[in-house]
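**Q** If you want the building blocks of each chain, they are given just below.
2 protein chains.
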Amino acid sequence: MPKGEKLLAKQIYAWGFRAIKSLLPGLFAAFAVSAAVIAPAGNKPHLLAEAPIEPRVHEEVISTKKVFKLDEIREHGPDSDRPWIIKGNKVYDITEWIECHPGGKVILRAAGSAVEPYWDIFSIHKKEDVYRILEQYLIGHVDPSDLVDGEVPKSSIEDPFANDPARDPSLVTLTDRPCNAESPLSELTSFITKTAVFYVRHHFWVPSVGKDSYKMTIDIGDGSDGKTYTLDDLRSKFPQHTITATLQCSGNRRAHMNEGSGRDTSGLKWGAGAISNAEWRGPLLRDVLKDAGLDIARPPEELQHVEFFGEDTYSTSVPLDKVLDPRQDVLLACEMNREVISPDHGYPVRVLVPGSTAARSVKWVNRISILEEESQSQWQQRDYKGFGPNEMRETVDWDNAPCIQDTPVQSAITGIRSDKDTDGLNSIVLEGYAFSGGGRKVVRVDISLDNGQTWSQAKLMPDIPKGHKAWSWSLWTYQCPRPPAGSYVVVKAVDEAYNSQPDSHGPIWNFRGVLANAWHRVRIDSIIQNDNI
Amino acid sequence: MPKGEKLLAKQIYAWGFRAIKSLLPGLFAAFAVSAAVIAPAGNKPHLLAEAPIEPRVHEEVISTKKVFKLDEIREHGPDSDRPWIIKGNKVYDITEWIECHPGGKVILRAAGSAVEPYWDIFSIHKKEDVYRILEQYLIGHVDPSDLVDGEVPKSSIEDPFANDPARDPSLVTLTDRPCNAESPLSELTSFITKTAVFYVRHHFWVPSVGKDSYKMTIDIGDGSDGKTYTLDDLRSKFPQHTITATLQCSGNRRAHMNEGSGRDTSGLKWGAGAISNAEWRGPLLRDVLKDAGLDIARPPEELQHVEFFGEDTYSTSVPLDKVLDPRQDVLLACEMNREVISPDHGYPVRVLVPGSTAARSVKWVNRISILEEESQSQWQQRDYKGFGPNEMRETVDWDNAPCIQDTPVQSAITGIRSDKDTDGLNSIVLEGYAFSGGGRKVVRVDISLDNGQTWSQAKLMPDIPKGHKAWSWSLWTYQCPRPPAGSYVVVKAVDEAYNSQPDSHGPIWNFRGVLANAWHRVRIDSIIQNDNI
Chain S
1 MPKGEKLLAK QIYAWGFRAI KSLLPGLFAA FAVSAAVIAP AGNKPHLLAE
51 APIEPRVHEE VISTKKVFKL DEIREHGPDS DRPWIIKGNK VYDITEWIEC
101 HPGGKVILRA AGSAVEPYWD IFSIHKKEDV YRILEQYLIG HVDPSDLVDG
151 EVPKSSIEDP FANDPARDPS LVTLTDRPCN AESPLSELTS FITKTAVFYV
201 RHHFWVPSVG KDSYKMTIDI GDGSDGKTYT LDDLRSKFPQ HTITATLQCS
251 GNRRAHMNEG SGRDTSGLKW GAGAISNAEW RGPLLRDVLK DAGLDIARPP
301 EELQHVEFFG EDTYSTSVPL DKVLDPRQDV LLACEMNREV ISPDHGYPVR
351 VLVPGSTAAR SVKWVNRISI LEEESQSQWQ QRDYKGFGPN EMRETVDWDN
401 APCIQDTPVQ SAITGIRSDK DTDGLNSIVL EGYAFSGGGR KVVRVDISLD
451 NGQTWSQAKL MPDIPKGHKA WSWSLWTYQC PRPPAGSYVV VKAVDEAYNS
501 QPDSHGPIWN FRGVLANAWH RVRIDSIIQN DNI
Chain R
1 MPKGEKLLAK QIYAWGFRAI KSLLPGLFAA FAVSAAVIAP AGNKPHLLAE
51 APIEPRVHEE VISTKKVFKL DEIREHGPDS DRPWIIKGNK VYDITEWIEC
101 HPGGKVILRA AGSAVEPYWD IFSIHKKEDV YRILEQYLIG HVDPSDLVDG
151 EVPKSSIEDP FANDPARDPS LVTLTDRPCN AESPLSELTS FITKTAVFYV
201 RHHFWVPSVG KDSYKMTIDI GDGSDGKTYT LDDLRSKFPQ HTITATLQCS
251 GNRRAHMNEG SGRDTSGLKW GAGAISNAEW RGPLLRDVLK DAGLDIARPP
301 EELQHVEFFG EDTYSTSVPL DKVLDPRQDV LLACEMNREV ISPDHGYPVR
351 VLVPGSTAAR SVKWVNRISI LEEESQSQWQ QRDYKGFGPN EMRETVDWDN
401 APCIQDTPVQ SAITGIRSDK DTDGLNSIVL EGYAFSGGGR KVVRVDISLD
451 NGQTWSQAKL MPDIPKGHKA WSWSLWTYQC PRPPAGSYVV VKAVDEAYNS
501 QPDSHGPIWN FRGVLANAWH RVRIDSIIQN DNI
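Heads up: the sequence lines are chains S and R, in that order.
The first sequence begins at 1 in the UniProt record's numbering and counts up one residue at a time.
The second sequence begins at 1 in the UniProt record's numbering and counts up one residue at a time.
By construction, these hints were calculated from the structure, which means they are not laboratory data.
Among the hints, erroneous ones may be present.
All copies of an identical chain are treated as equivalent in the list; a pair is satisfied when it fits inside any one copy or across any two copies.
Straight-line C-alpha distance at most 16 Å; calculated EDC-like pairs for lysine to aspartate or glutamate [to be verified]:
#1 K90 / D149
#2 K385 / D397
#3 K459 / E391
#4 K469 / D325
#5 K87 / D525
#6 K194 / E335
#7 K459 / D397
#8 K466 / D176
Please model the entire structure based on the sequences and the hints provided.
**A** Right, here's the structure in full:
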């Protein structure tokens with residue numbers, strides 16, 4: 001579409017959007033919120049750019065006095081012609097709603113059973129407006145004899161997390177369902193993080209994807225038919241590349257930001273363990289895009305973004321430039337630390353966008369689209385954006401805030417242990433990591449034992465990075481006489497662009513609590529132990 | 001040379017270097033210092049990697065009692081068979097020394113006249129060791145009847161700066177010879193800086209290069225014959241590209257670092273005006289390298305750096321990757337702001353390495369070499385490196401400190417003016433710039449009126465950048481009620497990698513005073529005026 005027409009279309013859309021908004025405030029709110037919050041799966045990559053969808057009223061009038069046995073309801077599952085769901089003790093036929101559901105077909109996950117476990121994850125549904133929509137699809141009630149204390153018994157509700165793998169008990173779990181867990185800091189002292197203790201950051205359940213049934217579709221531009229690849233295609237038809245790359249959650253060190261600024265933020269209170277480093281192997285995404293028909297030397301000018309869709313309904317995009325530059329090493333990773341990728345980290349295939357915030361490295365990827373605009377998903381348009389310390393959720397200009405891709409220079413102390421130095425005197429050894437986004441190498445790590453008044457340099461550990469740029473963290477150590485109890489030790493790093501970390505968290509505080517990268521300060525207590533960090 | 005052999009050669013060199021050092025401490029010091037400080041011109045790009053050069057004793061023995069008329073000395077100028085120089089009232093025949101001179105043939109600039117004006121620039125010569133070397137070439141004295149008060153009269157000494165152009169009187173001059181001058185802050189409020197007030201940072205005089213005599217040679221690897229281009233070749237044989245790009249001196253805001261940290265640094269005390277933005281036009285360097293015979297798709301693996309030599313004897317290098325990536329827009333700029341480049345900015349051709357510190361954008365470029373190692377010049381190995389706040393010149397590990405290429409996020413206030421707001425109340429308008437290296441766009445500028453306690457956002461001005469990345473600064477304005485006299489207004493910027501400026505200069509202080517990018521704080525006095533900044 002030529003630029004002029006596109007702008008016109010946007011204007012018309014905006015006008016229509018406002019008109020409908022003024023006519024149907026309640027209904028609009030429900031849809032707008034759902035559209036914004038739930039990522040479109042399947043064929044709806046541009047949800048926010050579409051007019052709100054009106055629900056169709058189902059034609060068949062069924063007495064809402066009807067009662068159904070749980071066994072009968074279970075037959076109206078994901079694959080049935082008329083999927084039903086239960087909420088409370090009410091039964092709804094959602095057949096006509098599926099097409100209109102802003103979140104796409106993910107709603108079918110609940111079909112044949114209770115919707116509550118899913119609404120506990122997609123909590124935005126717990127609103128009067130959403131309840132009103134659902135009520136239109138009421139067809140009856142659960143047979144009271146099937147209820148226990150008036151509710152559907154838990155044993156008959158399918159657990160969306162039933163497929164989640166067993167996990168290493170040393171992971172520091174913040175939430176279990178979905179799993180969000182830090183790597184234990186004691187494990188972050190080797191260049192490669194073992195897969196079992198690599199930090200886990202999930203938005204939903206772990207999807208079950210079979211090695212043989214796995215398929216990934218690539219669309220070049222809207223309306224393309226797409227080309228589909230099996231896992232075997234990805235492994236055998238393209239050269240395989242190996243890189244080492246650090247993934248870091250945008251919320252890493254959020255707890256430090258909250259504490260340092262004295263101001264609360266939204267989001268899980270990650271410490272310094274929402275970061276890990278692994279070796280990844282698979283085809284370059286650019287090679288696969290070329291095979292799928294994209295002219296990678298001269299891509300159509302209007303195609304600027306690559307959107308990744310995960311089997312778990314998550315989606316997000318990165319600039320096409322990043323993917324097409326062979327020195328950016330963007331992979332479809334099929335191996336992690338020389339084994340098949342574990343279920344928690346995207347089995348069988350995840351995108352690996354080195355140097356970008358980990359939110360762009362989509363796990364369980366099953367669809368990739370080359371598009372004119374960036375992803376309209378929640379995770380592109382809302383969750384992973386930074387703001388000024390004065391800007392608040394209610395008033396912020398979401399559209400003009402850029403989503404986080406490349407990330408700033410970062411460092412943290414991961415260990416403090418007592419040691420004897422060569423004179424047999426009491427000394428301590430500090431350990432930690434330093435990392436910068438965009439492949440910018442860490443060139444110096446500064447340590448202060450007096451809360452930032454004077455500094456000296458940590459020793460950067462030798463490492464064996466793979467890839468065209470510095471995609472991996474640098475680990476460091478620092479030995480010094482034991483400072484008095486009550487002292488603060490501080491670390492800050494400098495990357496090759498000579499970016500340095502800000503001194504304090506207050507001035508970079510943001511209500512999302514993202515990109516907390518001020519100096520890491522740790523108080524030395526009378527007993528030195530890693531748990532104090 | 002295979003990696004193994006290269007390492008071996010380095011080892012042998014290091015051994016030889018140490019052996020000679022222990023045998024000839026005085027002599028070594030003279031050469032080592034000169035070699036480190038004066039860039040090799042012509043064919044000596046790898047000076048520091050060569051064994052120290054021993055001076056040859058001249059064969060012809062001349063009585064040092066001899067006296068020479070100034071007219072006779074003048075005939076031993078740069079083009080003569082036996083060039084002479086004067087120092088004090090002594091005359092030296094430097095013919096045999098030229099080949100050994102660590103600075104190369106630039107020594108001929110002084111031939112036929114006094115060397116002092118050059119040693120005032122290359123002040124490292126003013127050492128006993130250097131005097132001792134020179135003394136070996138003594139051939140006599142200036143005829144006392146030609147001296148005035150015992151010295152060569154100034155009128156008969158050629159002024160190395162005679163060719164320097166007239167300059168706009170509004171430039172804020174820090175040194176005149178060589179010229180180092182800031183743009184007046186009042187001129188930094190338009191997206192494109194006018195050429196006449198674009199900041200000037202020279203290491204030497206402005207060389208005189210004729211449009212028709214201009215030639216540039218490109219060598220691919222050591223020992224290549226090179227291919228030579230005229231200005232007309234560069235303009236007519238290659239597609240011409242236009243970009244807008246900000247150049248910033250590594251020492252910009254050094255005065256702020258000195259003041260903010262309370263610690264002095266070396267280097268000129270630049271304020272916030274060692275930065276400007278212009279439109280540049282010329283061929284992509286990669287296109288010219290391709291024409292010169294480099295396989296730009298698959299360059300030989302060992303060739304990693306591109307060294308640029310300026311007519312003024314300056315030289316430095318950038319990574320070859322940067323030059324070969326078409327999205328990095330590295331130009332041989334032949335135009336600045338739609339006119340031929342002015343003499344002060346590199347006439348007729350300068351390199352333009354957008355997103356890198358300005359020291360890499362070599363003016364009056366006449367030779368480009370593709371090499372295995374980075375430039376061994378002073379400006380690569382010494383002047384433009386950053387260090388920790390505790391590291392001092394005497395003890396620093398020069399070799400392991402990376403030279404500055406890409407630069408960190410930066411901002412400054414360039415104007416504070418009184419204004420009336422819409423209610424007719426007293427308000428002020430702040431103006432300034434924000435910029436980040438590596439093509440990273442500025443995404444937000446935060447302003448505090450209470451010295452960093454609370455913040456709000458400046459308005460980013462619309463601009464019309466050209467080029468593949470954000471090579472140009474963002475200008476901003478901020479209007480607010482007039483704060484009480486004695487308040488501090490503060491600016492800090494955030495780039496697209498969400499790098500933010502450090503809060504204070506103390507912790508990023510370095511003895512070179514480079515990359516001063518802490519928050520810019522300006523005290524509001526009772527009278528608002530730009531001069532206060």
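**Q** All hints are to be evaluated individually against the structure, with a verdict given for each.
**A** So, going through the hints one by one against the coordinates:
1. Taking the shortest Cα distances, K90 and D149 sit within 16 Å of each other inside one copy (15 Å), while across copies they are farther apart (111 Å).
2. Taking the shortest Cα distances, K385 and D397 sit within 16 Å of each other inside one copy (11 Å), while across copies they are farther apart (39 Å).
3. When the C-alpha separation of K459 and E391 is checked against a cutoff of 16 Å, the pair qualifies only between copies, where the shortest distance is 14 Å, while the shortest distance within a copy is 39 Å.
4. In this assembly of identical chains, the alpha carbons of K469 and D325 lie at most 16 Å apart whether taken from the same copy (12 Å) or from different copies (14 Å).
5. Taking the closest pair of Cα atoms, K87 and D525 never come within 16 Å of each other, the shortest separation being 52 Å inside a single copy and 66 Å across copies.
6. Taking the shortest alpha-carbon separations for K194 and E335, only the intra-copy value of 13 Å comes in at or below 16 Å, while the best inter-copy value is 54 Å.
7. In the homo-oligomer, the alpha carbons of K459 and D397 lie at most 16 Å apart only across protomers (13 Å), although the nearest pairing inside one protomer, at 43 Å, exceeds that limit.
8. Taking CA atoms no more than 16 Å apart as the test, K466 paired with D176 passes in neither setting, with 33 Å inside one copy and 49 Å between copies.
Violated hints, listed in ascending order, are 5, 8; each of the other numbered hints is respected by the structure.
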